[in-house]
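Fit chain to chain and form the complex, with the hints in mind.
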Amino acid sequence: MALLSVEDLKVYFPIKGGIFARTLDYVRAVDSVSFDIEPGQTVGLIGESGSGKSTTGRAIVGLSKITAGKISFDGEDITKYVGKNRSSYRRGVQMIFQDAYSSLDPKRRVLDLVAEPLRNFEKLTKAEERRRVDELLEIVGLGPENAIKYPHEFSGGQRQRIGIARAVALKPRLIIADEPVSALDLSVQAQVLNYLKHIQQEFKLAYLFISHDLGVVKYMCDHLLIMHRGRFVERGGRADIYENPTHIYTKQLIAAIPDPDPEKKDDSMARRARINQEYETLKTMHYDPNGRVYDLRAVSDTHSVALPE
Amino acid sequence: MISISGAILEIKNLVTSFKIRGEYYAAVDGVSLSIHPNEVFAIVGESGCGKSALALSILQLHKGSATKVEGVIEYKGRNLLAMRDDELNGVRGKEIGMIFQDPLTALNPLMKIGAQIEESLSVHTDMNAAQKSERAHELLTSVGMERPNLVYSQYPHELSGGMRQRAMIAIALVCRPSLVIADEPTTALDVTIQAQILDLLRQLQRESQSSVILITHDLSVVAEMAHRVAVMYAGQIVEIAEVGELFHNPKHPYTRSLLASNPSLESTGEGLLHVIKGMVPSLDRMPRQGCRFAPRMPWISPEAHESSPVYHTVAPGHEVLCGCYEHFRFE
Ligand SMILES: Nc1ncnc2c1ncn2[C@@H]1O[C@H](COP(=O)(O)OP(=O)(O)O)[C@@H](O)[C@H]1O
Ligand SMILES: Nc1ncnc2c1ncn2[C@@H]1O[C@H](COP(=O)(O)OP(=O)(O)O)[C@@H](O)[C@H]1O
Ligand code: SF4
Ligand SMILES: [Mg+2]
Ligand SMILES: [Mg+2]
Numbered sequence: 007m008a009l010l011s012v013e014d015l016k017v018y019f020p021i022k023g024g025i026f027a028r029t030l031d032y033v034r035a036v037d038s039v040s041f042d043i044e045p046g047q048t049v050g051l052i053g054e055s056g057s058g059k060s061t062t063g064r065a066i067v068g069l070s071k072i073t074a075g076k077i078s079f080d081g082e083d084i085t086k087y088v089g090k091n092r093s094s095y096r097r098g099v100q101m102i103f104q105d106a107y108s109s110l111d112p113k114r115r116v117l118d119l120v121a122e123p124l125r126n127f128e129k130l131t132k133a134e135e136r137r138r139v140d141e142l143l144e145i146v147g148l149g150p151e152n153a154i155k156y157p158h159e160f161s162g163g164q165r166q167r168i169g170i171a172r173a174v175a176l177k178p179r180l181i182i183a184d185e186p187v188s189a190l191d192l193s194v195q196a197q198v199l200n201y202l203k204h205i206q207q208e209f210k211l212a213y214l215f216i217s218h219d220l221g222v223v224k225y226m227c228d229h230l231l232i233m234h235r236g237r238f239v240e241r242g243g244r245a246d247i248y249e250n251p252t253h254i255y256t257k258q259l260i261a262a263i264p265d266p267d268p269e270k271k272d273d274s275m276a277r278r279a280r281i282n283q284e285y286e287t288l289k290t291m292h293y294d295p296n297g298r299v300y301d302l303r304a305v306s307d308t309h310s311v312a313l314p315e
Numbered sequence: 031m032i033s034i035s036g037a038i039l040e041i042k043n044l045v046t047s048f049k050i051r052g053e054y055y056a057a058v059d060g061v062s063l064s065i066h067p068n069e070v071f072a073i074v075g076e077s078g079c080g081k082s083a084l085a086l087s088i089l090q091l092h093k094g095s096a097t098k099v100e101g102v103i104e105y106k107g108r109n110l111l112a113m114r115d116d117e118l119n120g121v122r123g124k125e126i127g128m129i130f131q132d133p134l135t136a137l138n139p140l141m142k143i144g145a146q147i148e149e150s151l152s153v154h155t156d157m158n159a160a161q162k163s164e165r166a167h168e169l170l171t172s173v174g175m176e177r178p179n180l181v182y183s184q185y186p187h188e189l190s191g192g193m194r195q196r197a198m199i200a201i202a203l204v205c206r207p208s209l210v211i212a213d214e215p216t217t218a219l220d221v222t223i224q225a226q227i228l229d230l231l232r233q234l235q236r237e238s239q240s241s242v243i244l245i246t247h248d249l250s251v252v253a254e255m256a257h258r259v260a261v262m263y264a265g266q267i268v269e270i271a272e273v274g275e276l277f278h279n280p281k282h283p284y285t286r287s288l289l290a291s292n293p294s295l296e297s298t299g300e301g302l303l304h305v306i307k308g309m310v311p312s313l314d315r316m317p318r319q320g321c322r323f324a325p326r327m328p329w330i331s332p333e334a335h336e337s338s339p340v341y342h343t344v345a346p347g348h349e350v351l352c353g354c355y356e357h358f359r360f361e
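Quick mapping for you: the protein sequence lines, in order, are chains A and B. One point on numbering: in this note's numbering, the residue at position 64 of the first sequence is 70, and numbering is uninterrupted. One point on numbering: in this note's numbering, the residue at position 170 of the second sequence is 200, and numbering is uninterrupted.
Possibly wrong hints are sitting among the right ones.
To be verified - A few chain B residues that face chain A, going by a derived Cβ cut-off under 10 Å, partial list only:
{"#": "1", "residue": "S77"}
{"#": "2", "residue": "G78"}
{"#": "3", "residue": "S82"}
{"#": "4", "residue": "I223"}
{"#": "5", "residue": "Q224"}
{"#": "6", "residue": "S291"}
{"#": "7", "residue": "P293"}
{"#": "8", "residue": "I306"}
{"#": "9", "residue": "M309"}
{"#": "10", "residue": "I330"}
{"#": "11", "residue": "R359"}
Stated by the list, open to error - Calculated lysine to aspartate or glutamate pairs in the EDC-like style (CA-CA distance at most 20 Å, straight line):
{"#": "12", "chain 1": "A", "residue 1": "K271", "chain 2": "B", "residue 2": "E237"}
{"#": "13", "chain 1": "A", "residue 1": "K289", "chain 2": "B", "residue 2": "E176"}
{"#": "14", "chain 1": "B", "residue 1": "K307", "chain 2": "B", "residue 2": "E237"}
FYI, nobody ran anything at the bench for these hints, they're computed from the structure. For glycine and all other residues, C-beta sits at the position ideal for the given N, C-alpha and C.
Chain B extracted, bound-state conformation (with noise of 0.2 Å):
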C-alpha cells in the first residue's frame, strides 16, 4: 500500500489475533496504512470488521492476555510493538491520545473530573499545582464546557453524556498530542450533541495541527471529518481513498453496498435500501483466503475474484483489495 515518507504513523502487515478456544484467529490481518501530519483518517465499517481491534493494537491496549499483535506500528520512526512497557508509557497519552465512544470506561468514577486531569499533568511534566489547575481549566474551557469551574469540581456520573466526551477529550488532549485516535467517539450521542463534539474535534485538530485516526461505521460522519478514508472488511482493508474519491468514485463491492444501504443519501423514501446479504464473519469462520466479501455476493462469477487478492491502484491514492470490483454490480 501507499507508504509516503513523512508519515507520522506508519503500519505495516499488522496481524491482531484473538485466542479463542485455544486457536488464535486473526482479527486484524495483515493491515498496512501511514498517517500523515495534520490530517483526518477515518476507518469505516460494520461492527466485526476489526476497526477497534486495529486502534487497541496502537497503543497496546487490548485486556486480557489471550491477544498477539505482530508487524510494525512506526510512530515518528520508533517501532512501538518493539518498545519496553515504559517506553510505551511515555507515548500512552502523552504523544498518542485516545478517545473511546463510552467516557466511562476511560474515565475514573471516583476522581473529579480536574483531578484527573492534574493526574495525568504529573505523570507527564513537572508543572506545579498552580500551573496544572490553570491548563486544566484552560483545557475544560478549550473542550466547549459552558461551566468549566463547576465541571473541574464535578464526578463524571454528575456529567451529561456530551460533556463526559468533552471531558475525556480534555484528557486525551491534557499532552497535546500529536496523534489522536477516536474510536466510535459520537456513536452514543444525540444528533445535536454529536455534531458539536465532531466540530470540537475538527476544530481543534485545525488549530493543533494533530492527526486524528476517527474510527466509526456511519459514512456520514466521514463525509463531515475525513481527509482520507480506509474501508475495513473483515480484518481487511479492502479501499483507500481520499474522501472525495471514495464517495463519487467508490470501487470495491464493500463500499458501494455500504454506501448503497445508507437511507440519509436515499432521500426520496422511494426504492427500497440495499440490502447485503448475510453477515460479516465470526473470527473463527472468517474465510482467510480469497475475496473475503465474496460469500455475500453470491451472484458475482467466482472467476472475478483473485485467489490472493491483491490491491489494485485506480487512481493515485485511491487503493482497491481485489479485481472483483470491475465486474461488481448490484444483483
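In isolation and in its complexed conformation, chain A is listed as follows (with noise of 0.2 Å):
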C-alpha cells in the first residue's frame, strides 16, 4: 500500500475584482494531479516557476485549502479530518521549507524550536526533552553547544539544517521539501543533501523533493513528476525523464540543463535550438485548444506522458 496517495487533487484560488470583489475566475494553482508515494520512496516534483509545486505540497500538508480531491496517507483518507483530527497525520509528515530563515522565530532559541514539535506531541520531561533535542543536532551535524543559540547566528547552510531536525523530531514518515537546497552556495547544499540522504536511512523515511533544479532531483529522486500549468505533464523513472523525455515541454526542460562538459556547449545551444523550434511546431499538439495539459497516460510500466488519445 502507498504510503501518501493523492487523488484528483485540485487547488484553485479565486481571482476577485470589481467593486463588489466578486469572483470573476480561479487560478488553477493545482488543477487535478494524481500520484502515489510508497514507504522510502523520494519523489521529485519539478517544474518552472508558478507551476503549482508548492501548493502541491503544502495541500499535502494542509496549509492550503484542498478545492477537491483526496489525500489519503497509511490508507486513510485525512482530507476529511480538520483542525485537531489532524495530529496524528500532521506527526507523520512533515515539512521542510526553502527559506529556513524566514521558518524559523528569530527570537526562539534553537533548543525551544527544535523542542517545539516534542512539546506538541509528547510529554517529555525537561531533562528528556534536552536529551532528544541533543540528539537531533547531533544527526544534522550540530553539536550540542548550538541549543543555547539564535538563528541569526547561524550560517544559511546551518539554518537549512535547525529546519530539517525539527521536521524529523517526531520520526516523521513523509517529508515534504519545498526547495530545501535553492537558497545555499554548493558546499552547504551538498551538505544539506547528504544530510537528508543519511537521515532517510535512518528513519525509512520518504521524500516529495520539489525543486527547479534537474541536477539536484536527478541527484535526489527515483521517481519524477513533472509539472506544468498546475498539472503532470510527464511522469516515470530516472532513466524515462532524462533519457528519454517525452512530452515537449519535458524535452526543453532537459534540454535546458546547462552541460558540465565545456566540450560540448556547442552542441548542447544546437539541441536546444532544435527543441525549441520543435515546441513551436508542436505546442499545438501537446496541449488543448484551451492551453491545458492533457491527462497522463502510460507508455510504459514506469512511464506516463500527457499525450492526447
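Right, dumping it as C-alpha cells:
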C-alpha cells in the first residue's frame, strides 16, 4: 500500500475583482493531479516557478485549502479531518521550506525551536527533552552547544539543518521538502543533501522533493513528476525522464540543463535551438485547444506522458 | 599572472576594501588578470568570495563611500582607477556594459523600457528621436523579445523575470560595448529561461565579438559559456585556466572540492557528495597569510602549504595558487 496517495487533487484560488470583490475566475494552481509515494521512496516534483509545486506540497500538509480531491496517508483518507484530528497525520508528515530563516522564529533559541514539535505531541521531562534535542542536532551535524543559540547566529546551511532537525523530531514517515537547498551555496547544498539522504536511511523516510534544479533532483530522486500549469506533463523513473523525455515541455526542460562538459557547449546550444523549434511546431499537439495539459497516459510500466488519445 | 599584450582589460594587483567598524578589510585581495578581445571569461566561486566586489570595482560602482579600490585596471591601455568621474561616465555604459542578477535594481521603475534605452542613447550619441526609436526597437528585437513594440511601451514591472533580464541586456548593449560584465545574470531565473538568456548572451557575444566577464557560482554555466575561467576564493584567484583544462585537470583543492560537491556531475544518485567543511570566512575573520583554504582541509598537513603562496604554472595558461595542490587528497 502506498504511504501517501493523492487523487485528483485540485487547489483553486479565486481571482476577485470589481466593486463587490466578486470572484471573477480562478487560478487553477493545482488542477487534478494524482500520484502515490511509497514508504522510503524519494519522489521529485519538478517544474518552473508558478507551476503549482508548492501549492501541491502545502495542500498535502494542510497549509492550502483543497478545492477537490482526496489525500490518503497509510490508507486513511485525511481530507475529511479538520483541525486537531489531523494531528496523528501531522506527526507522520512534515515540511521543510526553502527559506529556513523566515520559517524559524528569530526570537527563540534552537533548543525551543527543535523542541517545539516534541512539546506539541509528547509529554517529556526537561531532561528527556534536552537529550532528544541534542540527539537531533547531532543527526544534522550540529553540536549540543548550539542549542542555546538564536537563528541569526547560524549560516544559511546551518539554519536549513535546524529546519531539518525540527522536521525529523517526531520521526515522520514523509517529508515534503520544498526547494530545501535552492538558496544555498554548492558546498552547503552538498551538506544538506547528504544529511537528507542520511536521515532517510536512519528513519526509513519518504520524500516529496520539490525543486526546479534538475541536477539536484536527478541526484536525489528515484521517481519524477514534471509539473506544468498545475498539471503533470510527464512522470517516470530517472532514466525515463532524463534519457527519454517525451512531452515537448519535458524535452525543453531537460535540454535547458547546462552541460557540465565544456566540450559539448555547442551541441547543447544546437539541441536547444532544435527543441525550441520543435516546441513551436508541436505545441498545439501537446496541449488541448485551451492550452491545458492532457491527462497522463502510460507509455511503459514506469513512464506516463500527457498526450492526446 | 599571465599578462598577454593585446588584452582589452588588464587588472593588476587589485585590492578592494570595505570599512567595517572603522577598519578596512580587503574583499578583493591582490587580483591580477587580463581579458582578451572576443572571449568569455568566467569568474566562479561561492557567495562571499569577492566576485561582485571585483566586478563593481571595474567601473567603480560600489555604493557607499566606505570602499577603497587600489591597483590598476587598464581598459584599452587607460587606467580606469585614475580617471575623473566625467571620463569614467564616458566609459560606463558606452564602452563597458553591465548586467546584474536583479534587473529591477538596474531598471528605472518609473520609465518605460523604450524610453530607458533612448535615454541611454541620448547620453552617448547625438541620434535624433527617430533614429533612437529605431535603434531601441532593433535592440529589443535582437534580445529576443517576442513583441518588441509592446515591450517598448511597457514598464519594468509589467514584464516577466526573463523579459526584464532581456530588457537589461538590451540597455547594456545600447552602445555596442566592447566589454560586458554580467554578474550572476541568470541566478534568479528558471532553468528554461536561464538557458534562453545564456544562449542569447553567447549569440550576441559571437556576433559582436565583444568580451564578456561572466560571474557565476554555477560550474555548469561556466562549462557552457566560458573560454577561460578564474576560480575565486576568499578574495583571491586560486586557479585560472582554459575551461576544458579546468574541468579535466583541476588542481587547486578548492576547485576540486567545488567540482566534487556538484550534484549535476554526480548523476548516478549513488554515493555522497563532497562537503567542503566550514564556510567562506567573513572579511574581518579572513586569514590574510598563508593558504586561505587551508582551514577547510585540516587533514592536509600544514607543511604542504606555502607561507606566502605564489602562482605555479601547471600548463600554459593554467596557474594555481599555493603548492598544496600537489599534496591534496580528499579526506
Ligand atoms: N495563496 C494564493 N493565492 C492566490 N494565488 C496563489 C496562492 N498561492 C499560489 N498562488 C498561485 O498559484 C500558482 C502556483 O503557485 P506555486 O504553487 O507557488 O508554484 P511553484 O511552487 O511551482 O512556483 C501561481 O500562479 C501562484 O501565483
Ligand atoms: N559594501 C560592503 N561593505 C562591507 N562588506 C561588504 C560590502 N560588499 C561586500 N562585502 C563583503 O565582501 C565579501 C565579498 O562580497 P561579494 O563580492 O559580494 O561576494 P560574491 O559576489 O562573491 O558573493 C563578503 O564577505 C561580503 O560580506
Ligand atoms: S557605440 Fe553606439 S551608442 Fe556609442 S556612440 Fe556609437 S552609435 Fe552611439
Ligand atoms: Mg514554490
Ligand atoms: Mg555577488
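Taking the hints in turn, this is what the structure says about them:
1. With a least beta-carbon distance of about 5 Å to chain A, the hint placing S77/B at the interface is held under the 10 Å criterion.
2. Because the closest C-beta pair between G78/B and chain A is about 8 Å apart, less than 10 Å, the hint holds.
3. The interface hint given for S82/B is broken, as the beta carbon of that residue sits about 14 Å from the closest beta carbon of chain A, more than 10 Å.
4. The interface hint given for I223/B is met, as the beta carbon of that residue sits about 8 Å from the closest beta carbon of chain A, less than 10 Å.
5. Taking 10 Å as the C-beta contact cut-off toward chain A, the hint placing Q224/B at the interface holds, the least distance being around 7 Å.
6. The interface hint given for S291/B holds, since its Cβ lies 4 Å from the closest Cβ of chain A, which is under the 10 Å cut-off.
7. With a least beta-carbon distance of about 4 Å to chain A, the hint placing P293/B at the interface is held under the 10 Å criterion.
8. Nearest Cβ of chain A to the Cβ of I306/B: about 4 Å, under the 10 Å cut. The hint holds.
9. Against a cut-off of 10 Å between C-beta atoms, the interface hint on M309/B holds, since the closest Cβ of chain A lies about 5 Å away.
10. Checking I330/B against chain A: minimum C-beta separation of about 17 Å lies over 10 Å; hint violated.
11. For R359/B, the interface hint is violated, the least distance from its beta-carbon to any beta-carbon of chain A being 18 Å, above 10 Å.
12. Straight-line distance between C-alpha atoms of K271/A and E237/B comes to about 17 Å, which keeps the hinted pair within the 20 Å bound.
13. A hinted pair counts as satisfied when its Cα atoms are at most 20 Å apart, and K289/A with E176/B qualifies at roughly 17 Å.
14. At roughly 43 Å between alpha-carbon atoms, K307/B and E237/B are farther apart than 20 Å, so this suggested pair is violated.
The structure shown violates the earlier hints numbered 3, 10, 11, 14.
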